[in-house]
Structures are given as structure tokens and as C-alpha cells.
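Novice: For reference, the chains in residue letters:
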Amino acid sequence: MTHQEVLELSEIVGKGNLSSDEIDILLHSGDLAPLPESLIKVYGIKPPEALVFPQDTGQVSSILKFAYERDIPVTPRGAATTATGAAIPVEGGIALDLFRINGIMEFNKEDEYITVGAGTPWKRIVDFVENRGFQLGGYPSSAPSATVGGWFGAGASAGVGVPKYGPAGDQVMSMKVVLPDGTVEDTGPRESWLFIGAEGTLGVITEVTLKIFPKLKRRFFMYEFESLESGVDALDRLWRLKPYFLTSVDMGLADMLNEVGMHIPRKPLTIVGMVDGEDEGLLAKWMAVESTCNEGEFLGEKPAEEEWENRFKVGLSFKTLGPSMMALEVRIPVPELFPMIQGLNDTLRDERWGLETLQGDHGTISVVIYMLADERDKVGFLKKFSYIITAARLAFRHKGFLFGVGLHNTSHMNRLHGEAFDFMRAMKLKADPKEIMNPSKTVQVRMPYFMLAMSMGMMRGVPGLVLFGMETAGYLPLGLVRFGLGLMGEGVK
Amino acid sequence: MTKEELAHQVYTCASCGYCRFGCVVYQETGLERNTVRGRMLLFKKILEGKMPLTKDMVDSIYMCAQCQNCNVNCPTGINFVEMSEALRDELFRQGNIPESAKMIANVLTTYGNPYAQAADEKGAWLPPKYREPKKSPNLFFVSCTSAYPLNRVAKSILKVLETIEFDFTVLGGEEYCCGNPLIRLGEHEKSGEMMRKNVKNFKKLGVKRIFTACPGCYRTLLHCYPPEFRVQHITQFLLELVQEGKLAFKEFPKKIVYFDGCDLGRHCGIYEEPRELLKSIPGVELVEFEYNREDAPCCGGPLLGGAPDLARKIAERTLREAADLGIDMMVTSCGTCFLTFMEAAKVSGIQVQIRDLPMLLPSLAKKGE
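Read top to bottom, the protein sequences are chains A and B.
Numbering (the numbering used here) for the first sequence: 1 to 493.
Numbering (the numbering used here) for the second sequence: 1 to 369.
With the rest of the complex left out, here is chain A:
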């Protein structure tokens, strides 16, 4: 973008809604995972020239029209709480922070729906509806930061409420979406699915209308299992009872959490959940939970309720032990959890790691694997990075999918989706022929799979050499690095 274009943009949104300050650009162009500078170079990442805070759908439309006419890349941004690089602007242009399209726009308790701005954090909506006798059909476990637009963009696959009501996308009654050329579309329930999981590559979600449900009576449960197999078996039967919330923690994570002052049973698997309903229906569900978990030890309702109350607060308290951490989130069918953990025990045997699960839709489960690390130890960090990629491959072997594609997982897309990948690519080009919307994400491969696989193998054996290679690449001209990667094929841009 030229200086003149930045000035013109600032006239569209107002001076207070645009920043080209170096610090603001830096802080609004990363995500959860720290990216080594050498990797920034290998990816060929060019920081955005302008950070823009649109205030409403109309401004988003004006910004996109402006960008479309001039071929300026636009990368929408929620709270940037995934580690996939989805919110990282790769080709410069505009970082579009939706923070100011934030708040409850309409609450209709008669017809049971709520309309919210895409930049609203989920916890704000959860608190709002629950204080008024309703509940949501699905929201992420990272509700204090994750935004409505961000979570739907990332796929909204597993979360609180999802095992009961199904995919969170099914709760969408309508969306306001701005297409790459600036056209504003009001989508219905079916069309909205086009943009769910698209990670902002097809358009910008600005408003969402969601179904809400009357809040029913709740009962909580917590069971510990002496064997992992029986715990996973219980999980696989529990989701069929449609609990509102279903999560579990393995012994590795329990150990780490207990080391920082928590009190989680030191058992192969501990399950926490909540069912809801009216009097007799709730009692029947509760009895069904008890018979489903009869191989486990019931730990009472009170500790489970405390876990529920603290569901947003305690998750990462163990991180101080690292103090860095590597995390991988995958979705697998519930029965695959047992063999996958066995595989992880072998792969990560020398590491300090643990996992938690959150029930998703259709019998799938979101598994988050945490591994302690220290990013100040560059060589050790790289070696651990290779383990986490190996863990991802293990998940694929167990019919798993990654949570989100973003930038870092584009290398896997061809292999995971086969012919469907070509269809997705064609759809992207139809919706965004100039490829200005969040370029280099999802269906645009940024790192050839061959390069990724080779690097991971070397990271395990000779991490120091890989680090040297990456840092050397950092001194090479950007064009040369990208040209070299392009030679490896796979449509690398």
C-alpha cells in the first residue's frame, strides 16, 4: 500500500480507526503461537501497512471496495486465539480488526434469538443470555477472548453446548457478510455455512443472529477412571446422552495442574460434565449418566460444578512450569482417543505433556495436547516442535482433522482432502478472483509438504543444523527463498 492509499483509507474509516504505527502493526499481526523470525522469512511474511478498526458493516463494505479496486490484501482478525496463523497477514495490505463491531444488537426473548456484532467476545454473550434465563447452543472454551466472527471463521466445531445442540453453525439463523468486492450479503442458515470454517478467505462476517434456548435445570458430574480404556468407553457413550458440557483430563495434564496448586484426581482419565432438563427428564438423564459411568468412581456434583464455574479460568495455569508451551488441537472420533493416547505415550515419552478433551458434534471430540517447552532454548524448542507435528500425523492416522488450517496447516490440505481440495480451491477463486481475502490461507499452500516433512525429520535428529539453516535463510533475499520453495511444486505461492 502506498502512503497515499493509507491516507485515503483513513478518510473512509476516520483517523481514530486506523493506525500505521509500528507497534500497533506488530501487535495486531500475530496470533497465539510465537513465530521465529527465521520462519517469518521462510514463509515470506510481509507485515500489513495499515491496521483498521471498522465500526460497522457499512465501513467494512467501503474498506473492501477500496481494497478490491486496488488489489490490496485484507486479513480479518478476531482475537487471534488460534495457533494456526489464520489471523496473520502474510502479504501486507490491511489488517482488519473487527473489535469495534462489538455488542448485543438485538435480544428477542419471545422468538428466542440474539443478534451480535462479529467482534463480540463469546463470554459477553454467554453472561448476557444466562443472566436472562437463556443459554447458547454452542460457544468455545476460550469464550473470554474468542470472538463470534473468529470462532465461526475457525469452524466452531467443538464447544460448550455442542454435544447437546449439534454444530454451533446450526444455531446461526442469519449472518451479515461482506464479500471481497464490498457487496453486503444477508445469508440464511444454509448459506451461512459457506463462511463457517472459511477463516475469512471468502468474506468478512460482521453480524450474526443466533438461536437461544431456555436455560434449564442443571446437574453436574465428575468421574475418575482407573483405566484409560474404560474412561474413553464412557466418553463414547456419554455424548449420546446429549450433555450440555463434556470434557476430560488425562493424568499428564492432571499432574501439571496439581503442581500449580489444583486438585485433579491423578487417574488415567477424569471426566467432568453437565446435563440439563426439566424435573423428570433431568433425573432420567442423570441416572443414565450414572449407569454409563459405572466403571468409574463418582466424585460428586460439587467439584464438577466448581470445574464448570472455573471453566474459563484454570485451563492454562500449568504453563508457568514451561514457561512456554506447545499445543496441538485435533478432532477425532471418540473411540480413537484410546489408541491415539497410546501412540502419544510412545511418541512423547521423553516430554512433559498432557491433554484435555472437549466434546464436539456427531461423536467427534476435540483433543488439545499440551507439551511444556522453553522457547529461550532455541534448539530444544525446535526439537519439541517436531514432536508436535509427529503428534498431528498420529492424529491423522486416527481419522483426525486439525482444528483450523490457517497458514501453518496448508501443507496438509491436499493429503487430507484429496479431490475436495480442488473444489475448495475453485470455490475460493470464484468468490475472490483477485485473491485479496486473507491470502495464503486454507487453500493456498505456503509451505510444500515435502519441505515440512523433511524439516520435521531433521529437527528431531539434528535440530541445531535445522536452526542454522532457517537462520541462514533469514539472510537470503525473500524472493530467492520463495522461488526455491515454489520449485518444490504443490502450487506454492
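Since the hints were made in silico from the structure, they are not lab data.
C-beta: ideal position from N, C-alpha, C; glycine also.
A few of these clues could be false.
What the hints assert, rightly or not - Pulled from the structure, derived: some chain A residues nowhere near chain B, Cβ distances all over 12 Å:
#	residue
1	181
2	185
3	258
4	347
5	362
6	467
Claimed, not checked - Calculated pairs, BS3-like style, for lysine-lysine (alpha carbon to alpha carbon, straight line, at most 25 Å):
#	chain 1	residue 1	chain 2	residue 2
7	A	313	A	215
8	B	279	B	367
9	A	41	B	44
10	B	50	A	378
11	B	50	A	41
12	A	15	A	65
13	A	378	B	45
14	B	313	A	15
15	B	279	B	155
16	A	46	B	50
17	A	242	A	109
18	B	44	A	46
19	B	44	A	313
20	A	15	B	55
21	B	45	A	46
22	B	313	A	123
23	A	65	A	46
Said to hold, decoys possible - Far from chain A by the CB rule (all over 10 Å, computed), these chain B residues:
#	residue
24	129
25	168
26	206
27	227
28	245
29	248
30	325
31	349
Assemble chain B onto chain A, guided by the hints.
Specialist: Showing chain B alone in chain A's frame:
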């Protein structure tokens, strides 16, 4: 906090952004540089030698109300208030603080109070019979806020105590600032001197119990002064009198929402005493804000000196919510919150009756039966 501990906290940050949820400065500005997550990323760059400490970063350290709401939501337990105090100490030593903070520090060290008022005028509001401190185990520590801009709060307390014939003393012109505002800016020498003078006076009068209406003074008296004195906030003190049957109230049929200030709430854990005191007034109907107790937002007051427009905008958010609640009045137990809300209401035109809790009581107080 040592440099190593500080670095450990920087690398412990998970960049999850939970700190943004309750941060009123972020809510108003939308800039990550004003969040703990943003600052941690910048500190990391500095620690790794990739970036110098710039003026923007120093400003960002001071663009924090130190309300501690970020700590409530942080899943990794980062205490940014502790961190920022350690950083402010160091920046103050280097003289590398924003101009607005320099001005405030200058006023505090010159006048001994944040209101640029003459120190010997601190007791000017007192009726003659209280001007000479007398020996008593009970000291009403008036505070700079209640002695200068808000002496109606101090007068209200005096009236309540006179109604029930309670024995106490005040220091008048011999009361020094508790030290809190200077400590928050990173200055320890002058604030330490003020504390020592106060302690000497407490001992001279045989004081055993100290009560104050200012949460900042309460926090400092509780945490930074010798533990030999029993320190109470005015709401704790008056509630105790009610529970002992020494104080009672007349009917007051009003719908009231209580606002939790940060010093009294998150920093000292006092949430229930003010509510219990209000509920002990017959006829009071108490309602709550959507976010209350440890989740309550900051009023913006700590930023009034350095960023007044921002502070007003932050306060307006709470005023708008209060107006929507259909209440008769909003009550707080903090002079800074009260003054900030009054200022924001005046500028914005939002119609909400605001009271510091003790101001309600003089016409309602009566001897217990």
C-alpha cells in the same frame, strides 16, 4: 519482583487474550499495546534485544489503571499489577516516566497530596472541637480525597459518629498522605517518609484501630503499615457497629445499585460489607450490575490525571448501564470512583444520581436499640 521473575512471567503469558475481556482501557481503545498480552510481546522483544524501550512502551506501562481485572481472567495467573509496579519503580529511578506522571509526582512531593492544596489546610473543614488531635484508641484517617474535594464525605462520617456518641480522634492538619499515590507511580522515598510521620502520630495518640473512607488509604494502611494497628474500611467499621447494635438506620425506600471499586474490591477483597451495610437500611432494594464484585469494571479514575478523556469515556460505560437499570441511585464506597462518575455524568449528560456510601447516612443514622 526480580528481573528473572519478570522474564519468567513474560514467557508464561499464553497470548490467549483473556486479559482483554475486563480491561477497560482496551475496551475503549481497542489497541493491543494497552493489554497485558500486547505488553508481554513487547517486553519479550526487549528481553531478546530485538527492540529498545521506546517512549510508546513507557506510555503503555502507565496507560493502565492497575485495576487488576486482567488478573481475574488470566488462566496463567500473571499478575500484571505487580509487574507494572516493579517496572514503574525502575522507570521512576531512571526518571523515564511520562510527562503527566512527572506532573502528578511533582504535585505529590511538593504538596503532600494529589490536589495541590496546602498541607496545613487538611483539617480546615473540621469543626473546632476536632481540630486538636486527642488521645483515643479509634482514629478516623480522613484521607486527602475526603479532606479536600470530598469533605462532605468526611463530614457525613463525623455526623454519624456524633449521633451514636462514638469516641474517636482525627489528625487534622497533622495527617499526612498515606503514600499510596506515590507508591503507584514508583516513588518510595517520599512516600516512606509520609508513612513514618503518620505512624509516629498514631503511636503518640495511642491509636489501636484506624478506619478510613478512602479505599486507596485502606489498601496502603493494610498492606504497607506496621500490622499493630487494626485497619478497617468505613463500610466494615460501620457494619460492625450495626451488628453490635450501636448503629441503626431510618427507612430509605430506594432502589440502589452498588459499584465495586478496584482498591476495595479486587485489591482488598471487600465485596460483601458495603452490600450488607446498604441492606441494613430499611427499604433499600439492592440490584447488581451485569459484572460485579471481582468481575466489576474499573471506573477509569486512576487515569483521570494522565488521560482524562479516556477516563471519562470509561466511566460513561458504567453510567449508561446504571441508567438502564432503572435505579434511584448508584452508590460506591470510593471517593475516586465517586468523583470520576460525577465528572463523566457532568460531561456526558447521563442522568444518574451518584453517592459515596457515607453520604447517604447522616440523615438516616440513629442510635441502635
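Novice: Could you work out which earlier hints the structure fails to respect and list their numbers in ascending sequence?
Specialist: When the structure is compared with the hints, none of them turns out to be violated.
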